[in-house]
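Protein chains in written order, with UniProt numbering: chain H, 1 to 335; chain D, 1 to 495; chain G, 1 to 292.
These aren't lab readings, by the way, just hints derived from the structure by calculation. Each hint should be verified, as a subset may be incorrect.
[What the hints assert, rightly or not] Restraint-style ranges between C-beta atoms, simulated for each label pair:
| hint | chain 1 | residue 1 | chain 2 | residue 2 | range |
| --- | --- | --- | --- | --- | --- |
| 1 | G | 130 | H | 218 | 39 to 45 Å |
| 2 | D | 312 | H | 253 | 31 to 37 Å |
| 3 | H | 71 | D | 134 | 37 to 43 Å |
| 4 | H | 159 | D | 179 | 37 to 43 Å |
| 5 | H | 247 | D | 114 | 39 to 45 Å |
Idealized CB from N, CA, C, for every residue including glycine.
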Amino acid sequence: MVAVSHTRRADLAPAPAPAARSARRRARKYLWSYLYLTPMLVLLLAFIVYPIVASLGYTLYQWNGIGDPSTFVGLGNFRQIIHDSIFWRSLGHTFVYAAIVVPVQLVLALALALVLNNRRLRFASFYRTLFFLPVVTSAAVIGVVIQLLVSNFGDSINTILMDLHLTHSHIDWLGDPHFALGIVIAVGIWHTFGYNLVYFLAGLQTIPEELYEAARLDGAGRIAIFRRITIPMLRAVGVVILVLAIIGTFQIFDLVQVLTSGGPYFSTEVVNTYIYHLAFGGTNASAVQPDVGLASAASFFFGLLLIVFSVVQVVVLRTLVRRRAAGRERQGGQS
Amino acid sequence: MSSPTFSRRSLLRAAGMGAAAATLGGAGLSACSSSSSSSGDGITVNYWDSFVSQAPWVDNEIKLFEKANPKIKIKKTTQVSDQYPNLVSLAFRSANAPDMFQLPKSPPLTQQVTQNWLTPLDKWATDSWKSRYPQNSFIEGNNEFNGKIYSAPFAGPAPSLQLYVHNGVFKNAGLTNPDGSVAVPKTWDDVSRAAATIKAKSGGKVYGFGFGNSANTTLAWWLDLFVRGAGSPGGAASAGIDSMDSRVGKWTYASDRNYADFIALLLQWKKNGYIYPNSMSISDEQARAYFERGQFGMTVGGVWNQPEWTEHKFTDYSLMTLPSPTGTPQALFYGPPGGYLFAISSKAKHPDETFAWFDWLGGVESGKRYVESGQGLSIYPDANDTKNITSKPFAQYVAMAGTAVYGPQPTIRNPDVAKLTLGTVKPDINDVLAGVYTGQIKNVASSLSDLEGRRNTALSDAIKKANGSGAKVSQADFVFPDFDPLKPYTTKPAS
Amino acid sequence: MTAIAVQQSAGRRNRYRSRRRVVSLATHFALLIGGLAWLYPLFWALGSSLKSDDQFFSSGLNPLPSHFMWSNYLQAWQEASFGRYFLNTLLITLGTVLVTLVVTSMAGYVLARTQFPGKKLCLGLVSATLFLPHGYTIIPIFDLMQRVHLLDSLWSVIIVQASSGVVFGTFLFMGYFMAIDRELEDAAQVDGAGFNQTFWRIMLPLSGPMVATVGLFTAITAWNSFFLPLVFTLGRPELRTLAVGMYAFIGENSTDWTLLCAGTVITLAPIIVLFLFLQRFFVNGLAGAVKQ
Numbered sequence: 001m002v003a004v005s006h007t008r009r010a011d012l013a014p015a016p017a018p019a020a021r022s023a024r025r026r027a028r029k030y031l032w033s034y035l036y037l038t039p040m041l042v043l044l045l046a047f048i049v050y051p052i053v054a055s056l057g058y059t060l061y062q063w064n065g066i067g068d069p070s071t072f073v074g075l076g077n078f079r080q081i082i083h084d085s086i087f088w089r090s091l092g093h094t095f096v097y098a099a100i101v102v103p104v105q106l107v108l109a110l111a112l113a114l115v116l117n118n119r120r121l122r123f124a125s126f127y128r129t130l131f132f133l134p135v136v137t138s139a140a141v142i143g144v145v146i147q148l149l150v151s152n153f154g155d156s157i158n159t160i161l162m163d164l165h166l167t168h169s170h171i172d173w174l175g176d177p178h179f180a181l182g183i184v185i186a187v188g189i190w191h192t193f194g195y196n197l198v199y200f201l202a203g204l205q206t207i208p209e210e211l212y213e214a215a216r217l218d219g220a221g222r223i224a225i226f227r228r229i230t231i232p233m234l235r236a237v238g239v240v241i242l243v244l245a246i247i248g249t250f251q252i253f254d255l256v257q258v259l260t261s262g263g264p265y266f267s268t269e270v271v272n273t274y275i276y277h278l279a280f281g282g283t284n285a286s287a288v289q290p291d292v293g294l295a296s297a298a299s300f301f302f303g304l305l306l307i308v309f310s311v312v313q314v315v316v317l318r319t320l321v322r323r324r325a326a327g328r329e330r331q332g333g334q335s
Numbered sequence: 001m002s003s004p005t006f007s008r009r010s011l012l013r014a015a016g017m018g019a020a021a022a023t024l025g026g027a028g029l030s031a032c033s034s035s036s037s038s039s040g041d042g043i044t045v046n047y048w049d050s051f052v053s054q055a056p057w058v059d060n061e062i063k064l065f066e067k068a069n070p071k072i073k074i075k076k077t078t079q080v081s082d083q084y085p086n087l088v089s090l091a092f093r094s095a096n097a098p099d100m101f102q103l104p105k106s107p108p109l110t111q112q113v114t115q116n117w118l119t120p121l122d123k124w125a126t127d128s129w130k131s132r133y134p135q136n137s138f139i140e141g142n143n144e145f146n147g148k149i150y151s152a153p154f155a156g157p158a159p160s161l162q163l164y165v166h167n168g169v170f171k172n173a174g175l176t177n178p179d180g181s182v183a184v185p186k187t188w189d190d191v192s193r194a195a196a197t198i199k200a201k202s203g204g205k206v207y208g209f210g211f212g213n214s215a216n217t218t219l220a221w222w223l224d225l226f227v228r229g230a231g232s233p234g235g236a237a238s239a240g241i242d243s244m245d246s247r248v249g250k251w252t253y254a255s256d257r258n259y260a261d262f263i264a265l266l267l268q269w270k271k272n273g274y275i276y277p278n279s280m281s282i283s284d285e286q287a288r289a290y291f292e293r294g295q296f297g298m299t300v301g302g303v304w305n306q307p308e309w310t311e312h313k314f315t316d317y318s319l320m321t322l323p324s325p326t327g328t329p330q331a332l333f334y335g336p337p338g339g340y341l342f343a344i345s346s347k348a349k350h351p352d353e354t355f356a357w358f359d360w361l362g363g364v365e366s367g368k369r370y371v372e373s374g375q376g377l378s379i380y381p382d383a384n385d386t387k388n389i390t391s392k393p394f395a396q397y398v399a400m401a402g403t404a405v406y407g408p409q410p411t412i413r414n415p416d417v418a419k420l421t422l423g424t425v426k427p428d429i430n431d432v433l434a435g436v437y438t439g440q441i442k443n444v445a446s447s448l449s450d451l452e453g454r455r456n457t458a459l460s461d462a463i464k465k466a467n468g469s470g471a472k473v474s475q476a477d478f479v480f481p482d483f484d485p486l487k488p489y490t491t492k493p494a495s
Numbered sequence: 001m002t003a004i005a006v007q008q009s010a011g012r013r014n015r016y017r018s019r020r021r022v023v024s025l026a027t028h029f030a031l032l033i034g035g036l037a038w039l040y041p042l043f044w045a046l047g048s049s050l051k052s053d054d055q056f057f058s059s060g061l062n063p064l065p066s067h068f069m070w071s072n073y074l075q076a077w078q079e080a081s082f083g084r085y086f087l088n089t090l091l092i093t094l095g096t097v098l099v100t101l102v103v104t105s106m107a108g109y110v111l112a113r114t115q116f117p118g119k120k121l122c123l124g125l126v127s128a129t130l131f132l133p134h135g136y137t138i139i140p141i142f143d144l145m146q147r148v149h150l151l152d153s154l155w156s157v158i159i160v161q162a163s164s165g166v167v168f169g170t171f172l173f174m175g176y177f178m179a180i181d182r183e184l185e186d187a188a189q190v191d192g193a194g195f196n197q198t199f200w201r202i203m204l205p206l207s208g209p210m211v212a213t214v215g216l217f218t219a220i221t222a223w224n225s226f227f228l229p230l231v232f233t234l235g236r237p238e239l240r241t242l243a244v245g246m247y248a249f250i251g252e253n254s255t256d257w258t259l260l261c262a263g264t265v266i267t268l269a270p271i272i273v274l275f276l277f278l279q280r281f282f283v284n285g286l287a288g289a290v291k292q
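In isolation and in its complexed conformation, chain H is listed as follows:
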């Protein structure tokens, strides 16, 4: 999306050159351009696009991943996925996860970025480091630590809650269907918060200080400055951050897998853990036969839904932007 808007601007840049020499130079430039692109395209096609295309065939087979697929089931796998209520339930959880994590994370990250962006604030980079560090930690480690913490922490919180007569029984935070998804969401916000923080900080740094100074001289208050300068200047970056955050949250997998592996009774199952459980069978202890065909079908179906969803999203955003731009033009015309 962003890329598209970039190109358009680049297209406008003219390449001034005298005719004959420029033709040769342009040819050479094309050549170099292709050469520069080749390594990226080779990696992309060989290790991202080709494997996806190759695995498309699996969706038509019942296959446990050993040898070559042989039991052809046609579109049966897709039919099974569409009729599986657990798939739709896990899709719902994925949406809930994204719908909560994205706004909460972005608002918190923006707020903290505004505080840390203050040039007079000393040790800002130290604080930035503190809040960024969870990003560095792998999900596997976080899973172990949080599981242990929650069972200990849970006891203390439970005692308080019970003393206050807010609950009458002990809550099993990760094992209770009413709370498990909430804990997973909270940990999810914590884990990748740092990325959004630095994205927003970077965005804020691109806003020239002069703009703020001018506004301050005009006697604008903090809120006015935020609304009139910060927000409009951040819009473009904000869209990138939003898109990245949405893509990231829809692909949520390892955190859920290590915290609850989708349980109890699918109450935290997201699409990617659902797919994983199909592809690799159950856990080690319950030797369910893996079904790579079914898992691939689920994965492609989910991909299809995501593409439809993002197309809708793009269309809606575009119309919004166009309408707002039109509105602004009208305002501009009036003044």
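Model the placement of chains D and G on the given structure of chain H, informed by the hints.
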């Protein structure tokens, strides 16, 4: 695994230094695998397993084997346990297959044979070699296919699950016999009463029961252990055909009332506050640590609990198996005759030397040391001698070996049964239990009969499919009307 | 009178100053407390790495060990063969970062700065992969690697690992190069610098902050990566990485918690240090990329 033997450490260190040098020199440049098949004039056997807690035993066997066979070196690779089946299958897709390996749980052994992963052992498996094993150890459809032997039994029949009792917790709650020993419960009622007493005497600080269900498996262990005691020979395994009631050749979650009865009891325990409240969040490993610290009095698990406790010097616990409504178990644990753990790969470069290692690791002496290390029971009765066992709880385990017997085997009656591929049944028994336990499933009876129906349908579908591709299987192959759940059963091949 | 006025204004300034100091102190206090609470799980893991097995479970939420079990570190280092795996992890991380940087900076430059037929198609393809389902792709990749005889080498890990980040890196570099002034480039070309020289001598050095950013992002994922190194070094376990080594503490039915925590700290330390060094460039790099 926090106290490795000195030899293991120094072995690792030496290997590490060599490898670091190798990495530096040829990081990625040596693209093709430089399979180290010979070092000096010796021969190297590549051996794979996924053992972590058993590693000291394996390392010790390697040491002893290499001393006895100075020309052969064993290069052991311990693969990540939860990825083991994937790694083995990828290894056979490429030129990376080991010479000898621990058989992965998936795919089924039949498929490993048809994929040509394994070398038949018949060249070495002479009658005299076979005679070291108990009778009927090599069974068509189990470790023998089309008349060829591919593996050999390793572990002896043993109860897969036990009820563990924390002696300290029981003593504090006054649950003792007149002679001062801990009163280990025997009946379902004993178990409930003990939990109630523990809760009451500790003022609610200590719980009666605890488990760690984060991997979604332990609730089914409880169900399995208790319904067997009540006379349901199928138990509650989530997959495989051996979890059906062989008397009728069907799964009977709904038609056999033991299942609903135990689930009702479990819910009653939960309602009474007997169960450690974090049990659904924590893992089995965490639950084991909390049991050791006396946070609850009873838990269900297998013999794998014991090595870690022994290592922590915690041996003040007792165990029993098959708690039953009346005090006399009405069904037992059943295993197939035969069995398998290791195999030699079809890609083995030095089959004879590899077999020497196979023979050593699966031999009587190695089995003895395996039992002494407290990992489990050996197939050799001689190796399971309680005299050599120092741990009292492990001796208790060894003493209950009689609760596991050979059960009916459809594959012996009709080898074509091995060709069945059962489709995945989801939600399975683990899911249903978690759903019931957390209150997400309100109607227990209907979800049990739904599960029963889906499992039976999956079997009849698989039969249809197999028959469609030339096999001859029928529902009747699974029915053993003369099976007495309290006795070992000898399956006769169909004539 | 003047004296009074001076005094008054000084007083006002002081009051203003002291109020600002109070606000600033409060901010620092909130940030510090918030930041430490934010990192509490990591502190807990750090403290636990120094606890005894017994204390690990008995001390609950208290991150501080009663006595420091430094031996955990020694034991973790040896049992997980970290000495051997450290170097592999370092080589894989360096290799992945290098490949990613070269490949994505070149592609990003071209996409930002030059016109050529097929550019839109190329951009479309690159953006589309962001949305494609990931699927069960390990078998096709594995077979491909086998066919090109790269299995069981660090190269295979580096290449596959680098591919997973090329799209993101290309976009970042593209954004960054677009924000750089065109005049510099034009001047270089007037001076007779060719396409190559312009890129390697002028543009790439200018994109230092972005190099640091993409490098850091790539390093974080490459360093923590577990599945790829495991699968692509199947036949040569001596080429495994730290993340794989951690599984020496996790068996089918057993986990060694304190050693796992110690192993985690050992694994995390280098990447945290790297972040501390690079973080200054890091935000600048991103800022450059998003500047319009």
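Structure-based check of all given hints:
no.	hint	result
1	G/130 / H/218: 39 to 45 Å	41 Å, holds
2	D/312 / H/253: 31 to 37 Å	34 Å, holds
3	H/71 / D/134: 37 to 43 Å	38 Å, holds
4	H/159 / D/179: 37 to 43 Å	39 Å, holds
5	H/247 / D/114: 39 to 45 Å	42 Å, holds
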